Amino acid sequence: MVNIAPRETQDLNLMEDEAFRAHVRQWIEANYPADLRNPPKRLHWDENKPWYFKLAEKGWLCPGWPRQFGGLGLAPAKQIIFTEEIERYGCARTNDHGIVMVGPLLINHGTPAQQEYFLPKILSGEHIWCQGYSEPNAGSDLAALRTEAVLDGDHYIVNGQKIWTTLATDANWCFLLVRTDKNAKKQEGISFLLVDMATPGITVKPIINLEYHDEFCEVFFDNVRVPAKNLVGTPNRGWDMAKALLSFERIYLGSPRLSAYAFTRLRQLAERMGVWDDAAFQETYGKLRLDLEDLKSLYGTFVEKLRRGETLGPDVSMLKIFQTELFQRITDTMLEIAGENAGLLEPMEGNRNLNPTGLYIQARPATIYGGSNEIQRNILSKNVLGLPG
Amino acid sequence: MSQALDDRSESIRMIRDSAGAVAPRGGDTKRVRALRFTNPGFDKGVFAQMGELGWIGLAVSEDAGGAGLGMSEAVALAEEIGAGLAPEPLIPAMLSARLLAAAEDKALLAPLLEGGKVVLTAWQEKADTLAVPGTSDAPRVFVPMAAGADAFLLPVREGNRIALLALDAAGADVALEKTMDGGNVGTLRADLSRAARVADDIGAVVEQALDEAALATAGHMLGLMEKAFEMTLAYLRTRQQFGRIIGTFQSLQHRAADLKVHIALTRAAVESAAAALDAGATGAVRQAAVSKAKHRAAESGLLVLRQCIQLHGGIGYTDEYDVGMYLRRGMVIANQYGSATLHRRRFMALAPEDVE
Chain R
1 MVNIAPRETQ DLNLMEDEAF RAHVRQWIEA NYPADLRNPP KRLHWDENKP
51 WYFKLAEKGW LCPGWPRQFG GLGLAPAKQI IFTEEIERYG CARTNDHGIV
101 MVGPLLINHG TPAQQEYFLP KILSGEHIWC QGYSEPNAGS DLAALRTEAV
151 LDGDHYIVNG QKIWTTLATD ANWCFLLVRT DKNAKKQEGI SFLLVDMATP
201 GITVKPIINL EYHDEFCEVF FDNVRVPAKN LVGTPNRGWD MAKALLSFER
251 IYLGSPRLSA YAFTRLRQLA ERMGVWDDAA FQETYGKLRL DLEDLKSLYG
301 TFVEKLRRGE TLGPDVSMLK IFQTELFQRI TDTMLEIAGE NAGLLEPMEG
351 NRNLNPTGLY IQARPATIYG GSNEIQRNIL SKNVLGLPG
Chain S
1 MSQALDDRSE SIRMIRDSAG AVAPRGGDTK RVRALRFTNP GFDKGVFAQM
51 GELGWIGLAV SEDAGGAGLG MSEAVALAEE IGAGLAPEPL IPAMLSARLL
101 AAAEDKALLA PLLEGGKVVL TAWQEKADTL AVPGTSDAPR VFVPMAAGAD
151 AFLLPVREGN RIALLALDAA GADVALEKTM DGGNVGTLRA DLSRAARVAD
201 DIGAVVEQAL DEAALATAGH MLGLMEKAFE MTLAYLRTRQ QFGRIIGTFQ
251 SLQHRAADLK VHIALTRAAV ESAAAALDAG ATGAVRQAAV SKAKHRAAES
301 GLLVLRQCIQ LHGGIGYTDE YDVGMYLRRG MVIANQYGSA TLHRRRFMAL
351 APEDVE
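Just so you know, the protein sequences line up as chains R and S, in that order. 1 is the number of the first residue of the first sequence in the UniProt record's numbering; add one for each residue after it. 1 is the number of the first residue of the second sequence in the UniProt record's numbering; add one for each residue after it.
Just chain S, same shape as in the assembly (with noise of 0.2 Å):
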């Protein structure tokens, strides 16, 4: 794991050429749009795709059948990924290929891998948490994508320690709502009889893997961020209005240089916290680093995309236009493993302070 920087750069070059493949940057919508409001609301094809890929096996190591890299990569794919909206759960499913790898189970990790199941972890018992109490009775809430699950994951509480079940998906009792970028989340009421165990003592797995999958969908709005901006820049250098290009304004000159402000502070908070985790963080140190990447990710992500409707105008409102598409997107993860209120009382609950 411990790769020279020069060769972290180049390994995290070739995972963002890489991701061409599933998600264009040159922003063609199509897929996207056709794929909205079905059932499963993604593409299982693109879903084993990225499994051939090595992607939902990028941070497990060779030994497990991983790809044997850090969050730096996982980032920087997980930023591309949103700035080609695809709709696939890659996080979710790295965050379960994180748990099998760990629980040593090869029946479920190797079809995961190899994207060939989706199987996703129903670790949630209520809204804006990372807290994983495994209450077994407990319906399990806001699982991604799950009408695609083809297993589920729980942590389930036995005394202290946290074990780990699996389900198969196909009749398991799963409510699904639509989500308001066109995909779906799943509450299961699993019913644990039916359920294999997968891991005695997996707790600490699953604090690691939740902080990963926070900073990976902090990556995955900031392609978001820098995608809609660059989109809004486009619009702002070719709209004319009153005989002049609205770029010109300086009112938006601006707030246009306010906003690649905020952009910048969140790929500086990103990547320095997925460095720090490379570099072997633990504990309070991980959580702190995380927070604040996630904290930043969710606030000026927000601002940002929001922000990219308003310089757009009337046109930005429309379902029609693409930029809309990225605040939908950011809505639905802004406050997915954590909010920016959770985390900065987590950070400030953990950071050490920094007083002369």
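Only chain R is shown next, with the shape it has when bound in the complex (with noise of 0.2 Å):
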């Protein structure tokens, strides 16, 4: 636990542009841990708490939140700098979703208690949540999850099952979709419950993926008791408040990041393997440059929104779509041009840099998580283009 007291106590957003960006990049470099940057795989508590400790002493951990929630209430055009210096560093994703997640649901649907209780708890890192979405059975068709919660005096009794549930084994508490009316249409009958995972009847068992990495878990729920208090919102009501959450994923996801430093990457290897100047790779090289140069120009639409203050609509699921492609056809030739090193288990020559199989492995799930891109493109086809259902 850390004490946050020396808060930011200048207003930021007074800051000229450019003077805040200096002032951001420069705090980060020298504070956040060399070997870390761009890790290759999604970091674990352990290795994130002392950066994440370093944003919350400094009150730079959650830049969106208003100030009188212990938020730094920096204004979108600032969040944005903000955001591209943390990518530009290549600083690791920190367990996040109290952040992102949990702190703007309950600044905007939770009871006094309830943000007088959890906001600081996020702050402080005193809890760390994970978020309860996804099931066996409800993955694309999320509105389909069929874990339920039943009231029982001053407790709601939950019981079923989570999966892809991201970094469950380093949370101590989870933000949890249930069904609390059977009878209703599936979209009507979600509530929002926030639960200890400390409470008996919880086990977490982590889920080895293709990278041999255990980000994901499953969660599962036996008769665990939770206090009715703790449900957000108003019971049957929680779908439109998870949906509303996602459209932060869809807007990091679409963020050129991922493509950005696997194309860094890509050269690297092709100058490696001696390829480089070859004409052919030349070719496919110049090729995804400029769709890179261009995503960026796509995205870049976008946070000019967020910067004029205004809400994403649907259409921003063409940048998850392109961006997460990109991503895969750049490590798609690395693989190509990595020769036998396209097998090999760790980095080439012990050189982190030299990774084609690590990039190649993880830009697969890309396309899948968040709502797949099938899902993203059903989105554009009804939301967007109009399309009949």
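Hints listed in this document are in silico derivations from the structure and should not be mistaken for laboratory results. All clues given are correct.
Pairwise CB distance ranges (calculated):
#1 R:181 - S:24: 49 to 57 Å
#2 R:17 - S:150: 48 to 56 Å
#3 S:24 - R:274: 55 to 63 Å
Treat the numbers as computed from the prediction; the structure is a model and nothing was measured. Even for Gly, the Cβ is constructed at its ideal location relative to N, Cα and C.
Dock chain one against chain two, each of which comes alone in its own frame, and use the hints as you go.
This is the structure:
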């Protein structure tokens, strides 16, 4: 736990953009652990927490939260700069579900008691959250979820199973979508519950993925008693809140940072493999480069909307589709030029920057998670192009 | 030229609105169809109207008689012209206006800006190039809508400078070829002894004007893409097969979603390049921005236009149905002012490596 008292007193919104950028950049470079830049895997809490606490101490953990809730209250334009600098330096994503999901959820829909209890514990790092959304039979079709919560006096009794719960082994709290009305239409019987992971009846099992990493987990709920006061908002009205939280994910997943990172590694690999000057490689490389540049331009148009304080519409799905598929095409090219190194488990020559297999395999789930690209195309087709259902 | 952003979005909106006069967005192609394979292949009255609306001198300074606007307005206008399939050589005329304004040549500039005289620049000596060698005795090829020219401008090398000469079209040796969309291009074999001198040293302006024409052409392509895609969506929403509206088939929905992504990428590339030029980009920065936009427009443009034919099925392959007119225009402009490959190579040769 940290003392978060020496909060940034100056209103950073008053700084000129470029001065603010320099301020953030300088601080990140002085405080982010160099050996954790662009980590090849999602970091666990024990690796991540020194950085989390640094941010917390500085008062920069929650740049977007209003100041009265302990955030920095940054205006959208400044938040964008903040994120750009974090991405530019290759800082690892923290265990950020509390910051980007639970915080905004409670600030918008929580009771004063919930806000008072939970928000400070996110800011101090006492509570690390995981997201209980997907289920074995509710993946792309999330609203089909069946984990149920039945009211029993002043508690809900929760039974069911969640899956693909990111870093659940690190979390001590879970925000959970549960079915509270089995007779309503599937979107209309869902509620939001906040669950202490130490409650009896909860079992967490890591899933080993194709990277041999244990980032995702299964979480089982067996007669878990959750205080009714931990329900957020109105019973059976959790779906709209859940969907709103996912819009963060779609712009995050559409950021060019992963493709840009892979692209720099592609060049290093091409030079190492001696194909850099090959005309066929240069054609492919040029096409990928322009795809990346145009993705940056398109991303810029969405960022510009955020800067103006607008809410993003369903067309943000375009970014997720193009970014994740470009990331894959770049890593496909890496694998193709890597020769037999394409099959090696570890980075080539002990050099983390020459890691075609690692990036290739990491690029695979990008088109699946956060709403598969097929779902994103359904969204575009129905909600943007107006094609019939 | 430096206008506040709000001001700019207002001028762009006004330009778009005014375009409806010449290129009805409702999609009536009667005028365009009637002009195909005629001589000169476009309507000089409409060209004059474009002059009256201030379009030919859109990016020419107000001092020189233009509208004093920039590339953001020019690409918006080119997009509307593309969506309406107007065959008038507006982009080549804007290029000529840029050169004449720089040369401070009032004699040809004034009638061109008014739309009373069609002045076309015969700069090109081979296919797929942006280079202007200015070889004095080289035939000048692919002059768009040359059948309607009243005068030609010719960049001609003199030592290490490029001079600009003007030649009356009457009596000039112009060999015409028909283009896929019903227009024409000409090969000019100029008798320079008949030409008048307009400027002594205009090489840098020619390069800039060609970049602007390439970017405007990318905007024109964007207009074709948007309109053809709009027609295709309307078709997907109404056409029935197997007792169902074909737009309910997921394979077609996903294809449409992908085409939308390509259109969005093209718009982002074109509009960001226009903003860069309006912010004063010069040299390699300008060239890289233009190449990025023209590459995307040529590449994604033809992809979208040919997929619009496919999504229509057999009716899309008929001359009678309008969607094919967009593909045919796309084929004519895709490589004008540089193909996707040319611009990709130029971008890669110029662009700073963005490597951490």
